[in-house]
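Number of protein chains: 2
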Amino acid sequence: MLENKKGDNFSEWYSEIIKKAELADLRYNVQGFLVHRWWSTFIMKKMFEMYKKEFERTGHKEVMFPLLIPKSNFVKEADHAEGFGAQVFWVTEAGTRHKKLEEPLGIRPTSETAMYTMYSYWIRSWRDLPFKRYQEANVYRYEPTTRPFLRGREFFFLEAHNVFETKEEAEAQILEDMEMSKNVLYKELGMPFLGFKRPQWDKFAGSVYTCAADTLSPDGRALQQPSSHFYGQNFSKAFGIKFKDEKKKDKYGWQTTYGPAPWRFMASIISIHGDNKGLILPFSLAPYQIVIIPIFFKGKEKGVLKECKKVAKLLKKYRVHIDDRPEYTAGSKYHDWEIKGVPVRIEIGPQDIKKKQAVVVRRDTSKKHAIKQKDLLKHIKKLEKEILDTLRTRAEKNLKQNIRSANTYSELKNKIRKGGFIKVNFCSIDLNGEKCAEKIKEELQAEVRGERIDKREKIKPGSKCVICGKKASHVVYIAKQY
Amino acid sequence: MLENKKGDNFSEWYSEIIKKAELADLRYNVQGFLVHRWWSTFIMKKMFEMYKKEFERTGHKEVMFPLLIPKSNFVKEADHAEGFGAQVFWVTEAGTRHKKLEEPLGIRPTSETAMYTMYSYWIRSWRDLPFKRYQEANVYRYEPTTRPFLRGREFFFLEAHNVFETKEEAEAQILEDMEMSKNVLYKELGMPFLGFKRPQWDKFAGSVYTCAADTLSPDGRALQQPSSHFYGQNFSKAFGIKFKDEKKKDKYGWQTTYGPAPWRFMASIISIHGDNKGLILPFSLAPYQIVIIPIFFKGKEKGVLKECKKVAKLLKKYRVHIDDRPEYTAGSKYHDWEIKGVPVRIEIGPQDIKKKQAVVVRRDTSKKHAIKQKDLLKHIKKLEKEILDTLRTRAEKNLKQNIRSANTYSELKNKIRKGGFIKVNFCSIDLNGEKCAEKIKEELQAEVRGERIDKREKIKPGSKCVICGKKASHVVYIAKQY
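For the record, the sequence lines run as chains A and B. Offset between the first sequence (1-based) and our numbering: plus 2. Offset between the second sequence (1-based) and our numbering: plus 2.
You may find that some hints are simply not true.
No copy is singled out in the list; a pair is fine if it fits within one copy or between any two copies.
[What the hints assert, rightly or not] For lysine-lysine, the following DSBU-like pairs were computed, each having C-alpha atoms within a straight-line distance of at most 30 Å:
hint: 1; residue 1: Lys63; residue 2: Lys315
hint: 2; residue 1: Lys73; residue 2: Lys21
hint: 3; residue 1: Lys253; residue 2: Lys443
hint: 4; residue 1: Lys244; residue 2: Lys370
hint: 5; residue 1: Lys253; residue 2: Lys63
hint: 6; residue 1: Lys399; residue 2: Lys387
hint: 7; residue 1: Lys384; residue 2: Lys48
hint: 8; residue 1: Lys312; residue 2: Lys55
Please keep in mind that the hints were generated in silico from the structure rather than gathered at the bench.
Put together the whole structure using the sequences plus the hints.
This is the structure:
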């Protein structure tokens, strides 16, 4: 059992799971750099696989660009350089005598400035477009404060960088990105989110606008998950990404990027699905999907273990582990695998052997059923779907309960204290709305997350901004954030 | 067709393939850092998958350690620090104002010194052993000269780091590593190699001894592929990796590492399997396994394309691409896909439609067969195996022809000119044989690759060293190398 409770002290509970489920070790001697143990590495690699399928389905091809980016590349797009400058680690020396390099090389915080010079070589004609590429790459950001799986100096990242002939095609990509987020986060991992177009003051450095998926953490804060950026022609002009159209006229490409971070998905998996016993994993992510615990009685150990192996063989299409550690009690084994989030536990003792059954325990509901061995495979298959459904339904219910509306500033002030998303009428998500957003930030420590793009929400004529009282032009959501 | 011939000017041929098969782009503006395009990224990721299976089969678990290693970690094992010091890139600054870091951070050239402090925390008891972990990680080495896929400053790497209770178990791991090399390189990729125990003067920095697989390049040089290192207790003593044995006595762990580099496998794939038309890929690696070329006749384009799609559907279990680019001739398409090494080409024209057939062309033999559509799937399945077998058989024949024996120094001198491996009697692969090895290096520009570990080759009593004439204690192989 965990020492901390999710509902009482969320932050300590979160840290305790990371340690006890052996997700990461924080004792590595460089600040903000985690050692990822097997359990979390396995989970994140499964997330990469899910995205690989999505990228393939949508015509993205995988590439691999260098880790190091010369300083001169960085400065080509001015806003981007300004936005990321503070976050770059610089390689300045090499070799035994620490020989000074001719030019400082930045470790990629993101790869726009590594990739786009090459794009300008590769893209020549409208026939080369759309040009859709992605890479699986860790990125590095010199963050002042760090928190495991939330904000780090090194994290697991995927980045897609696309070029299109027209503005319309590029903007359609932003919606396709949102669909990929839905397929992975919602459908495969059971994590619902809200899709937003961010206000202008909160866009990615160098973009025209940014869209992102926000999940809701149990402490009532929004957590940004994959984001997409519409670059317009900002980077293509800075890097010379031109093509000849069908009439042989030179044009600049229209660009977008999409950046899902499996590292950060971990944070949502832990906090949304986890409970007071620990992590809860869907089958798709679990390194062990089923753990079999032999219930030993003196003199019957051999027979029980033999039966466990028989059942494991029966279930061999799953990732099954038999926990036969002799020095631990069955009870302490239950706790270990509950903390690690294994979706199904199977207990087998001498009584079960007699009855040709096994006791199956679901991690999500703790429900226990004795199942005849002949029905076991079918039962597990059913659970595979049911557990994911339960996790998704729970998370969805929680998200819905935490979306509330406010018609006045004092109502907003009251409701935001409890956390969640507060829906309000707002003057503008263009730069002229920034002053109202600053008031929200200063007085309520909350942020304007933007207007929904996964759902149409038209403003009613005559609506006023809850902050300044001027004409409201957007329905926006306000939340505290990570 | 390529401009260079493999047999005439191998080096230019190699470079031409890298460019024209779109494997890598060398125009990135940091020396020794390549941009890996889709074609090579796909191939290397498939190699990673093959290794993942091997590591799983042999009980290795995946982890992920940080990219950056503090300088103080590096110096803990003195030989290792000395051996790798010259190759480290140092991060010394971060942020907009290039703030100096407290301690220089090295970018991993290999991860011993990142991992072993954590191992000392994790390993407590004999029950934790064997402890087998691996990571998929690019490594960085400040090499003075670089060559694509042969010697680079950034390359795709896998590293396994294992700890055992006993010396015997650790040494058995070295053989298991060799078996993994065989399963991937020889069985799956058709690349034969010789397995060596390297001489003492050629071991990995910090190891007791090193073993490695050498493939043979068509220019007669040996190319080192995966290597394994037996560390004894060198690192476990430096990093305090101790465990309590069954009698509760403190013991130091016995360690090994294994490092296959898919990046370097690319070099062998290109050079061993490639021919004057370009790359040749086995089905397992090919991004497109089959390319269908519609043979267009005026007015019949639509019908031909429809038939191509029908055939593609028939073969949907394979990675099939229809090259329908209207602006290219069928002939130029053939060349494009030959350069890229696609194992099977299918041509479909109006005549073939009439006969309900397709023309199937093998990349490895250029043989062409008209196959009835109903037999197509079966035929391709057969080719999948046959093409790999042909590639392996060819490579094996070439390797065998290039292993020769020499009984005297002048014979060695003569034979080494033609390249390949020359088998000789040699005084010693311990440090007292180094002088003879230096003579070989200086006078013949060749190296002692070591004694075979994949095959027992006992020295005959009374044999003399071909260099110094003293008592020979090892049969070794000598070759020019990369």
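Against the structure, the hints come out as follows:
1. Lys63 - Lys315: between (38 Å within a copy, 21 Å between copies)
2. Lys73 - Lys21: Between copies, since 27 Å is at most 30 Å while 38 Å is not.
3. Lys253 - Lys443: neither (41 Å within a copy, 57 Å between copies)
4. Lys244 - Lys370: neither (63 Å within a copy, 41 Å between copies)
5. Lys253 - Lys63: Within. Shortest intra-copy distance 23 Å satisfies the 30 Å Cα cut-off; inter-copy 50 Å does not.
6. Lys399 - Lys387: Answer is within; shortest intra-copy Cα gap is 18 Å, inter-copy 53 Å.
7. Lys384 - Lys48: The answer is within: 21 Å in one copy meets 30 Å, while 32 Å across copies does not.
8. Lys312 - Lys55: between (34 Å within a copy, 24 Å between copies)
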